[in-house]
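> Working from the sequences, and respecting the hints, build out all of it.
Protein chains in written order, with the working numbering: chain A, 1 to 276; chain B, 1001 to 1297.
Hints should not be assumed to be uniformly reliable.
Said to hold, decoys possible - Here are the simulated lysine to any residue pairs, SDA-like style, with alpha carbons at most 20 Å apart: (1) K1207/B / V1081/B; (2) K1003/B / Y98/A; (3) K4/A / I1088/B; (4) K1207/B / T1275/B; (5) K63/A / Q238/A; (6) K1249/B / F1268/B; (7) K103/A / V1011/B; (8) K4/A / F1093/B; (9) K63/A / E221/A; (10) K1207/B / A1178/B; (11) K1249/B / M130/A; (12) K1249/B / S117/A; (13) K1249/B / A1052/B; (14) K1249/B / R218/A; (15) K4/A / D1092/B; (16) K103/A / V1279/B; (17) K1003/B / A101/A; (18) K1249/B / Q1034/B.
By construction, these hints were calculated from the structure, which means they are not laboratory data.
Model, not experiment: these values are computed from the prediction.
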Amino acid sequence: MSRKLTRSLLYWLFLSPLVVVILFPFGVMFVTAIRPRDEIFTYPPTWGFSEFRWTNFSEMWVKTNFGGALMNSIYVSVLATAIALLLAIPAAYAMSRYRFAGKGLYRNFLLMTQMMSPIVLVLGLFRLMMAMGLVNDLNSLVVTYAAFNLAFTIWMLQSYFNSIPRDLEEAAWIDGASHLTSLVRIFLPLAVPAMVVAAIFTFINSWNEFVLALTLMRSSEDFTLPVQIYAQVAGRYQVEWHHVMAGTVLATVPVAIVFSWLQRYLIRGMALGAVK
Amino acid sequence: MQKSIPLLMIVPSLLMAMAIIGYPILDLAWTSSQEVSRFGKLTGFAGWENFAEVFGDQLFWDSLWRTGIWTFFVVVGTLAVSLPVAIILNDDFYGRGLARVIIMLPWSVSLTMTAVVWRWALNGRAGLLNATLMDIGIIDQPVEWLATASTAFVVEILVGILVSIPFTTTILLGGLSAMPQDTYEAAMVDGASGWHQFRYITLPLMKPFINIAIVLNVIYVFNSLPIIWVMTEGGPANGTDILVTYLYKLAFRFGQLGKAAAISLIMFGVLLVFTLLYVALVSRGEEDAAPEDEKEA
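Listed below in structure tokens is the structure:
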């Protein structure tokens, strides 16, 4: 028992510098978000401050149109996730249950799309959306996010589908159920956990995306959260740092909590999707 | 009819990926061969002129060089931190759950937000990094971290490492948890020390996972815009520009679409090489794993 204790102390000692560096930005965020405005540019710089100014949050909400950006982010992330799932479920089912010509080819194609980052394609995408009149339209983000998250979603679902025994569906067929009925009533309910996890990861990816949102959304009422917060920092002579940090706290903390709760599923999904 | 069912199930996702990811590549290829007016209008065929212009541009070569440095140091630094961290997290100790949650935390925060927070933390006058370092007595004057390109670039590389650790640790943890326990027990019986276990058992068995982590990180880091864009926008005086930031400026600030498209295509080529490398690594891993399945059956 005491061996485990010494080992634990040693490990924590080794991890402590990293832990400090990881938690440092969170500390910066909170401490700046809640201090009074005139204590932000003090000299010499200090962590201390005189009082908790919670009104910074409500002030920021009104002044920076945080609510609008929040709604945009929710709209884009929810719809992108829904579309990605809707397209990925049949594809993953086919990959998991059928043998067909071109399956390996499709797998590699998905891998390619997974590796393509939006930044390499951003000019082409911008011209595409321009031609379709979708610049400054949140739906352009919906489709692009859905497309960029397809590969990962399909993999994750496929690896889970593989673990659902075929016998269940076959038994349903023998009992006279059509393929469609067995799919909807037997298979899909069993696959709900995997769909939830895949959905949440697509949601977080869409929530955090920057390059495409920065490029395709040109007017401030269409900004999603990352762009809205960036816009308060970039190219401004005077930055209201307490508002910016209050914004990052609100945009970050809920996602971080959900993520912390889900990270073990991610380890599994990675091992199945990316590594194998 | 039966045969077409799986194809029908795949077609919607295929069309979507083709339209959003496939088509822009064709459009980039087209744009890169066009002459572009000052207002961003394509005015006619230019052949290889855009590529020639890119290759004759000193800023391109500087950015390419910096992209190499950026990618190399972020990937190597990340691996150097993540490997011991993954080994620790794979072991049993008090508070492991908490340690895992903390180390994965940067992953959940968007790169943009992280970069915005660091930009403020590094502020030359009132930044809290200066406050901290002055409190412990490492510096006695605030430092303007982002004002000179060389310091800014180093700081950006460090932030890049920090945000890449969770993903890399995850992959390595996946590898470690699949490690056969009896090999260690046998080694322990034979009296192998901790270092020898690491050197002759862990490291060789981990090699495929390390390779995959390296290739995936190269792809992601090579492509990463937000950290540098938010912290310095490639400045001061183009001193922290890498290919992606340079490309973005060309396309959306200076309207040099032809040149930007040419750089995009060059980057696409590099990515293609690394993706093929990744496919080769993964399929080699699958071949290695195949006999296992046969044994079971």
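> Is the hinted pair K1249/B and S117/A satisfied, with a Cα-Cα distance of at most 20 Å?
17 Å, holds
> Within 20 Å, alpha carbon to alpha carbon, are K103/A and V1011/B?
12 Å, holds
> Please verify whether K63/A and Q238/A have alpha carbons no more than 20 Å apart.
15 Å, holds
> Given the hinted pair K103/A and V1279/B, is their Cα-Cα distance within 20 Å?
Status holds; Cα separation ~15 Å.
> Given the hinted pair K4/A and I1088/B, is their Cα-Cα distance within 20 Å?
13 Å, holds
> Given the hinted pair K1207/B and A1178/B, is their Cα-Cα distance within 20 Å?
13 Å, holds
> Run the distance test for K4/A versus D1092/B: straight-line Cα separation, threshold 20 Å.
8 Å, holds
> Hey, K1207/B versus T1275/B, does the alpha-carbon distance stay inside 20 Å?
18 Å, holds
> Quick one, are K1003/B and Y98/A close enough, alpha carbons at most 20 Å?
Given pair K1003/B, Y98/A holds - Cα atoms ~9 Å apart, limit 20 Å.
> Do the alpha carbons of K1249/B and M130/A lie within 20 Å of each other, as the hint requires?
18 Å, holds
> Does E221/A sit within 20 Å of K63/A, going by the straight-line distance between their CA atoms?
13 Å, holds
> Is K1249/B within 20 Å of R218/A, Cα to Cα?
Holds - the C-alpha atoms of R218/A and K1249/B are around 16 Å apart, at most 20 Å.
Comparing the model with each numbered hint stated earlier shows that all of them hold.
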